[in-house]
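Knowing the structure of chain A, use the given hints to seat chain B on it.
Residue numbers (the UniProt record's numbering), protein chains in the order written: chain A, 1 to 413; chain B, 1 to 413.
Because the hints were derived from the structure by calculation, they are not lab data. Check each hint, because a few of them may be wrong.
Which residues of chain B face chain A? A few of them, derived with a C-beta cut under 10 Å, are [claimed, not checked]: (1) Asp96; (2) Ala107; (3) Leu130; (4) Arg174; (5) Pro249; (6) Gly278; (7) Cys322.
This one's a predicted model, so the numbers in the text were calculated from it and none came from an experiment. Glycine is no exception: its CB is placed at the ideal position from the N, C-alpha and C atoms.
There are 2 protein chains.
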Amino acid sequence: MQINRDNAEERDSCDPLGEFRDEFVLRPGLIYLDGNSLGPMHVSVRERMQACIEDEWANDLIASWNTAGWYDMPLRLGARIAPLIGADANDVVVTDSTSINLFKVLAAAIRLNPGRKVIVSERSNFPTDLYMVEGLSAFAGKGHELRLIDRPEDVAQAIDDSVAVVMLTHVNYRTGRVHDMADITRMAHEAGALVVWDLAHSTGALPVDLAGADADFAVGCTYKYLNGGPGAPAFVYVAPRLQTVAEQPLSGWFGHSRPFAFDPSFEPAKTIHRFLTGTPPVLSMTALEPALAIWDRVDIAAIRAKSVELCEYFIALVEQECAGFGLELASPRDSARRGSQVSFRHENAYAVMQALISRDVVGDFRAPDIMRFGFAPLYIGFVDVFDAVATLSDILQSNAWRDDRFQVRSAVT
Amino acid sequence: MQINRDNAEERDSCDPLGEFRDEFVLRPGLIYLDGNSLGPMHVSVRERMQACIEDEWANDLIASWNTAGWYDMPLRLGARIAPLIGADANDVVVTDSTSINLFKVLAAAIRLNPGRKVIVSERSNFPTDLYMVEGLSAFAGKGHELRLIDRPEDVAQAIDDSVAVVMLTHVNYRTGRVHDMADITRMAHEAGALVVWDLAHSTGALPVDLAGADADFAVGCTYKYLNGGPGAPAFVYVAPRLQTVAEQPLSGWFGHSRPFAFDPSFEPAKTIHRFLTGTPPVLSMTALEPALAIWDRVDIAAIRAKSVELCEYFIALVEQECAGFGLELASPRDSARRGSQVSFRHENAYAVMQALISRDVVGDFRAPDIMRFGFAPLYIGFVDVFDAVATLSDILQSNAWRDDRFQVRSAVT
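Chain A on its own, in the form it takes in the complex (with noise of 0.2 Å):
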């Protein structure tokens, strides 16, 4: 391959995803490579917006319940995330966060499974995943141990007859290795365990087929490659042989089957609405449903290609131009494995980043020692990456990154 601005911009002139970037706000010069942290805003969210605020809101009033459609905004936008995960439109609700309808799905599991008492996961899992196991556990008081794997390489090996839950992160936050969905699934199901998957990494950055792999349970996160906006409320899925037997213990009035007829004893919806509870965020659903509305237009094997181009180009250039700077590749090298990130370990990984931030390369640091680099094949092209590439090269070779301003640590970092 030859590494090139040119051949970067020859690539881009090319790419069928090329017309998508201009539906974003990027302000010019910025390379954006933490959309897989906070999606950019698609321009269609200012307009709907404005309606939501002024139309609905402050004109319609209560009435927008009904007339807009606010009543059944968990399922209409679950349907549109649906096709992208494996699943029909019925079997996803978007409501709550990702922790939280995780909390749903893992309570629901370990009732499914009441003799068993493990629950598999991975301690490189993302820590809030973890957390909710452990909060729900010394919650039940029945004796649940969370069993974490040290190599994700050793999910089989800890999946045994003692296994309730098998809860897996599909895309590793940190190093973007990805799990094999149906094999893993498979040998849960052999084994007498359920499966909940978490797809905060996978959906809209690469195909995802639960149905397929006939999973259990599955959570993710809208705010990531799907744009849905600061703190976008997250989607749960239930496969359809589990809705009227799983049972979660956050049961509010929205799971209700009869949620206006205001009785006093609670009767689980029979369809994935018993996973939600409360009033959902109006607003903040709101401003998910046009950034959805892409995906009517764009073909999810797409975008997985464009997304290995992206990062195989990412890697050979940074191994390439930045070799022998203490950069070590943290991702799996072979794209099978890999999701739509590329994250590097080096040393004084904060600075760096926060140098690169300077220079409007937005990526993350993950403690200890990860730069993490997302690449959304919407709206990031090869000369993003090529000059994304270039701008490390020379804050590496001239020592940018020590400068005092880039060593102190933000309280979000």
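Just chain B, lined up with the frame of chain A:
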């Protein structure tokens, strides 16, 4: 009391809260008596949301967690609510929905009182509160039972030494009846029980003194009298003496003592932060902030005084103008025992309310036979009350409510 429109106009003209009405976006002709369900929009929300969307999200992207203070929002907004409920700034956070926050505090409460199994509440409580107890009890599996009183005055006799928690909504959502917070909290404590108050229909409507009553926990809603916008996130109060010992099972990363250390083990914050869970819905939180700013300029005692006058005026007018049409006051007649709403029973409550709404007098219906009218003193005046009753009287006298179109129930009623 002389009851005529001139009198109402005079009362509006010398109303010290009259100046605030124009700060709310309410279309001409609308008499909005449903702010106890969804408050209207404060004019400052427009500009603030525009800035959040354009400057914070679209332009500054991920940096806004620090630079725009997104990360501090749960505590910052909680501090603004604190003076309205008799709490210190560090004892309240805004997060999640009321239902979910109720689960957190109930779970914490039953763990603090492990030898007892009874949770006292009211059959007429807002149903989601009871549903959350059901979900919690079933999941905990320790035999917790709900002891429901049928009459609000029966709280005292329901409290004995088997009671772990007394969970009450301060102002009843249907009747507006107010519980004596200080008295009930004292009785519960004397019996060794903890108390959880739901302030959904209290906050911003009447003074609340949680610290003065020595309450243990409280939750509340921000989209009613606080005008935070549809589905705006709720709040949680935890007494300072309980903050380091209360443990709640929804232990997500925002509740960790060091969320960005990405430690695989959960260590709860030693503050109210431990009642946070996942990433907050920033856009919905943002709309709430300017809505709360008005309380810097408004005295809750003045709100209460006007609220009592508005409600008394409404009751007197209805009983004078609509006598003989089968309306029965469902709220306490004694203002000291009534929140900022008035409810009337009527055999055809649904149709009469629909007819009122069709003529721009907006209250709401609560099954099976309640017409509910909320009086928010920030934007409702005496002429509004007069005109609302005139419309109601006309609808009853003309039988306009018998029209077919007022009989059909919508999905969300």
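When the hints from earlier in the document are held up against this structure, which numbers fail? 7
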